[in-house]
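Number of protein chains: 4
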Amino acid sequence: MKKGILERLDAGEVVIGDGGYVIALERRGYVKAGHWTPEAAVEHPDAVRQIHREFLRAGANIIQTFTFYSSDDKLELSGNVTNITGQQINLAACDIAREVANEGNALVAGGVSQTPVFSGSSSEKEVKAVFKKQLDVFIKKDVDFLIVEYFEHVAEAEWAVQVLKTSGKPVAATLCISPEGDIDGVPPGDCAVRLVKAGAQIVGVNCHLDPLTCVRTVKLMKNGLEAANLKAHLMVQPLGFHTPECNHTGYLSLPEFPFALETRAMTRWDMQKYAREAYKEGIRYIGGCCGFEPYHIRAVAEELAVERGFLPPASEKHDLWGKGLELHTKPWVRARARREYWENLLPASGRPKCPSMATPDA
Amino acid sequence: MKKGILERLDAGEVVIGDGGYVIALERRGYVKAGHWTPEAAVEHPDAVRQIHREFLRAGANIIQTFTFYSSDDKLELSGNVTNITGQQINLAACDIAREVANEGNALVAGGVSQTPVFSGSSSEKEVKAVFKKQLDVFIKKDVDFLIVEYFEHVAEAEWAVQVLKTSGKPVAATLCISPEGDIDGVPPGDCAVRLVKAGAQIVGVNCHLDPLTCVRTVKLMKNGLEAANLKAHLMVQPLGFHTPECNHTGYLSLPEFPFALETRAMTRWDMQKYAREAYKEGIRYIGGCCGFEPYHIRAVAEELAVERGFLPPASEKHDLWGKGLELHTKPWVRARARREYWENLLPASGRPKCPSMATPDA
Amino acid sequence: MKKGILERLDAGEVVIGDGGYVIALERRGYVKAGHWTPEAAVEHPDAVRQIHREFLRAGANIIQTFTFYSSDDKLELSGNVTNITGQQINLAACDIAREVANEGNALVAGGVSQTPVFSGSSSEKEVKAVFKKQLDVFIKKDVDFLIVEYFEHVAEAEWAVQVLKTSGKPVAATLCISPEGDIDGVPPGDCAVRLVKAGAQIVGVNCHLDPLTCVRTVKLMKNGLEAANLKAHLMVQPLGFHTPECNHTGYLSLPEFPFALETRAMTRWDMQKYAREAYKEGIRYIGGCCGFEPYHIRAVAEELAVERGFLPPASEKHDLWGKGLELHTKPWVRARARREYWENLLPASGRPKCPSMATPDA
Amino acid sequence: MKKGILERLDAGEVVIGDGGYVIALERRGYVKAGHWTPEAAVEHPDAVRQIHREFLRAGANIIQTFTFYSSDDKLELSGNVTNITGQQINLAACDIAREVANEGNALVAGGVSQTPVFSGSSSEKEVKAVFKKQLDVFIKKDVDFLIVEYFEHVAEAEWAVQVLKTSGKPVAATLCISPEGDIDGVPPGDCAVRLVKAGAQIVGVNCHLDPLTCVRTVKLMKNGLEAANLKAHLMVQPLGFHTPECNHTGYLSLPEFPFALETRAMTRWDMQKYAREAYKEGIRYIGGCCGFEPYHIRAVAEELAVERGFLPPASEKHDLWGKGLELHTKPWVRARARREYWENLLPASGRPKCPSMATPDA
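Chains A, B, C and D are the protein sequences, given in the same order.
Going by this note's numbering, the first residue of the first sequence is number 27, and it counts up by one from there.
Going by this note's numbering, the first residue of the second sequence is number 27, and it counts up by one from there.
Going by this note's numbering, the first residue of the third sequence is number 27, and it counts up by one from there.
Going by this note's numbering, the first residue of the fourth sequence is number 27, and it counts up by one from there.
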């Protein structure tokens, strides 16, 4: 039987998360931008199964159910699918995640994200009912643990934690916030304290900002917990994009969001730096969010291979630091088969008419 | 029964090719960079099937067998797989391609690419034997037509065309050359003439350079054919990367090749410009090569939807010109749901320490 | 008789400083980089007189004596001139400054800057003696007021203020510090308080960082003074270069310093933004330092022409916001004769291989 | 008595030209952009004398009279000065140029540039009369030789050469054209042939494009002359700006012209490369045009110091390759006192929101 998420983290293991699904599946043709809902779990299970497998193969220890934004209020708003319910999606997503997790040493995490009802005038009771409905599926399908993710308001995340906590399963909670705090101005340290007090055993951030910024925010959370004499495991699942000019509104404010983000995509070498930095700060649940493709997760696993004691399966197709290029036909490409080359390269954009920084819209 | 490739082109139809496999599958974890061989067709057929499906869904009318560099001499050199033969790979690849092609109105194209034996001191007979061995599989599996692709020397491509021609199936031939000509300095117009004289009914270029440069090269081919009073259909399958500084050695010379090309990746809007430009020049077989992801092919299909009379299946998850953003939660993102916005955006790189152009290594 | 500096500032007038001398005269051929000493006042008085005149004509109300780094210890160290003493330079510089100031409504300011003896192990007495020697010349030549400028240590600047204060002439003091504080970590607010307590009636910053950063530092000084219930006039004489990546060590740490700063040079339109911003923050002595050419000072004067009630003499050769282009021979250049054009232009670097930000050396 | 221009060139000497006047004096406050007329020769002779001196000191062997666009038709059109005639300007300009030339081993060159009457419907006779009027002054003031410069139409330049030729003085002729040819499409080689046949002993290009592009154009001229079995000395006086994206319309088409060109300014190291390249191509009259400041000319003189056997006077304030930095106070700046550092530096723009290339307006 597999060790649970808390057993792993308590034992000091590095747990590698999976990458982002909605952006990756939008590009593969299965998710609609602007809606970002996961009906593909029902409509195209093969596509979802395949990307789960790629992350597993890249080294992920966690397969998150493809249930982002899968609450009925959100699905209705988006109007994307008329004849599929949130419950159907969530059930299907759990089955696919479990099938793939069983192909390796991975756990299934059931995820809930922020809801439109919160932003409206709904009561705590109404909002919690939305999370409860999703939780029922996760309990029925017996996921290994639960993730509260992509919340801009710590207040809503607290409610989600409180609901999920009732299941008795471990709960991780990540906000999509910046070092400045949540969207209401609550500092990261305070957010962490509130989430832990609400019952989360793992806290951190996901999405909205680039890896090093997210690591910085988690560090502020850690400081807040220490100051409050609280203990929790730390987790980070950042964007796979460079966002140097973003403020607390994150990459949604970038003019390039969501259809021209290509040029901001991180390389595998950027990811190795990120993994190292996260590890140094004591974060042990290290994954990705929007912009992470399978090879980015593999880079995280490769960077931490010594600490973890093994390489991921997909490294059979990737020699560390570009060593595989030694067999390339061109001599100047063979000359790139070494760490110093890739570690120090500053890639050109190939776009002489484009600036390096944009003015965020908000 | 489906119309063949020549029937379609003769009728003036736009035929959309599929995208690149080796770079995309490297990132998904199934191909090793530097080797670029297609053993995944045997090792991980699900992964190959899935990406074929994504291209089909994105609008591709052609599914190319995943047989790039799949000649035994190349496989042996790369040393990547010891217990799988080129024949096994090619047989498996044909089956997968056929399975997916049958899910839509697509044809299967069997492809051969340049061989290490040519660059060595081998005779015409030896080189042709390599192509013949691959052709035998394509005949056995009854592919719909054949593609000679990724040849730097028109001389070697001529031999390949001559071999494939013996099958009686239509033959397309694309070189990976620049407007300056092939690696031996043969101008594009002369290359086209030689390929048509060797028996190709479709000629053009693939890989190595960005879309507009490749269109320019095909135009030079067209001019060459006209001057020689020859007729052939035109085809283009360029890189999905910006390569403004490249010369005839193509993107292999860029310092970013192959592990830091992210920032050069084209957006879907870049692809719409490319599709329009290719169409204007009279090219009717329009696809992609390295760097093309499914959404890039969808963008080609969407740009030419009026000319073709229909949208691809994956457009159910993509409203034209970002219209789907009208449902986004943030008002400034909703403001981006229009053509002028995306058509004129110059995306920032998010990388202030990176230049916009590199110095090619060769 | 002309109004003194304090009368002007007390009356709420905007006083415009002159621009930088050492970088400008280095490019004209009269100052040696690395030494940055002002022997040209003796060797080439015409060249010094001419640039003074250009700043006067551009709108400067102050002509600073060209006496930067003109202490004997510094001159000896630099070894640049063997037969000219600091006293000779200072005497000559005062005469030239007075001659030009008399050609307009300008005052002469005698300036002292930080000394090598301070960085060594010298006592307060020794350091003060260096300033006293320079002051003697300024008194003899009866300059209108004194400026303590380009000090990295507020401690040394205090000593300089104390010495200059003995003359009974008004004293202005500007440090070359960042918002982080002086080189010893003393915050800007504390620096301002110490300088005012030492006797300065005008305080602020000069050199080392770009205009908006310097304005930010002066604002911190203002806050410090308010918190301490002290009053002083505010002054700013920033770099004329963009330095977004610099920290407290300033532009000396940029790889481009001092021979490749061209691309960072500010446009006249950048300067108008700077002048407006400085004015908004309550700064009334607004000038420039290294990188400011005469047209930059003219831009400051033009931006504040309404507040001051007049344009500078050199505006006879410069129509506001490019209006003079209406007479250009090319129609597309004529189309640029308007404010919106220049205010919104983001100038291209013309250097595709250069990044937008550098890594400071310190 | 000084050797004449032809004696020098015939003897194989490198003759260094002076730099650009109108852009430099616009920034100093004496020329109005859009008009670009030289009334400062009368209004502010000190300013003109000083910049002449700076170029002389930087190594210039030629002092061009400050008579650009100084024909009455142009002055009238510009409406810039109502009470000064072209003749007055030209007389004054000759006197100033002679005074400075006599301070060193320099020659005075009287210059004429293209005229508005040509672009209108005027006859050859009318156009030639304009040149004749200017020539009369040059003869009266006995300049050493004549320069026909900044002509977009070789046809007009031919007329100018024919007129100036009547004086018996040597005539140099430079067009402001690109490698594509003059504004009417006459190729550089043909232009050169026509100018030599009209009587010019020295031919080349000036202004409009960056140094290496101009050298390329002169090379095409050289080839044209060789093909025609004609002999002439070669000359180049390019822009001091990077203009990689410009076509035959030159930098006037850049969005940055003329008030935001700062970031395109070349460094002294760029100039050394230019000087070397020009020398290699056999060009022996090497100077500059718009954007050249005195230190740029000094860099040309320093690069060719070995070939010429001496350094210019201003090099007393400039140690080769930054050697003077050895005395800088900061250790990391001292580390820059070497050739490899400056030769390989790619300067950052300090402008993250600016692109590296612009779209020319024409």
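Check each hint, because a few of them may be wrong.
Pairs count within a copy or across copies, as identical chains cannot be separated in the list.
Below are the DSS-like pairs computed for lysine-lysine, each with C-alpha atoms no more than 30 Å apart in a straight line [what the hints assert, rightly or not]:
{"id": "1", "residue 1": "K349", "residue 2": "K29"}
{"id": "2", "residue 1": "K306", "residue 2": "K379"}
{"id": "3", "residue 1": "K356", "residue 2": "K257"}
{"id": "4", "residue 1": "K379", "residue 2": "K299"}
{"id": "5", "residue 1": "K349", "residue 2": "K379"}
{"id": "6", "residue 1": "K349", "residue 2": "K154"}
{"id": "7", "residue 1": "K167", "residue 2": "K195"}
{"id": "8", "residue 1": "K166", "residue 2": "K299"}
{"id": "9", "residue 1": "K195", "residue 2": "K306"}
{"id": "10", "residue 1": "K191", "residue 2": "K299"}
{"id": "11", "residue 1": "K191", "residue 2": "K349"}
{"id": "12", "residue 1": "K356", "residue 2": "K158"}
{"id": "13", "residue 1": "K151", "residue 2": "K379"}
{"id": "14", "residue 1": "K257", "residue 2": "K379"}
{"id": "15", "residue 1": "K29", "residue 2": "K223"}
Honestly, the hints are just simulated from the structure, not real lab data.
Results for each hint:
no.: 1; hint: K349 / K29; in the structure: neither (34 Å within a copy, 45 Å between copies)
no.: 2; hint: K306 / K379; in the structure: between (38 Å within a copy, 24 Å between copies)
no.: 3; hint: K356 / K257; in the structure: neither (53 Å within a copy, 35 Å between copies)
no.: 4; hint: K379 / K299; in the structure: both (29 Å within a copy, 16 Å between copies)
no.: 5; hint: K349 / K379; in the structure: between (34 Å within a copy, 26 Å between copies)
no.: 6; hint: K349 / K154; in the structure: neither (51 Å within a copy, 32 Å between copies)
no.: 7; hint: K167 / K195; in the structure: within (13 Å within a copy, 52 Å between copies)
no.: 8; hint: K166 / K299; in the structure: neither (39 Å within a copy, 49 Å between copies)
no.: 9; hint: K195 / K306; in the structure: within (28 Å within a copy, 57 Å between copies)
no.: 10; hint: K191 / K299; in the structure: neither (34 Å within a copy, 51 Å between copies)
no.: 11; hint: K191 / K349; in the structure: neither (46 Å within a copy, 39 Å between copies)
no.: 12; hint: K356 / K158; in the structure: between (58 Å within a copy, 26 Å between copies)
no.: 13; hint: K151 / K379; in the structure: neither (52 Å within a copy, 47 Å between copies)
no.: 14; hint: K257 / K379; in the structure: neither (49 Å within a copy, 38 Å between copies)
no.: 15; hint: K29 / K223; in the structure: within (25 Å within a copy, 66 Å between copies)
Of the numbered hints stated above, those contradicted by the structure are hints 1, 3, 6, 8, 10, 11, 13 and 14, listed in ascending order.
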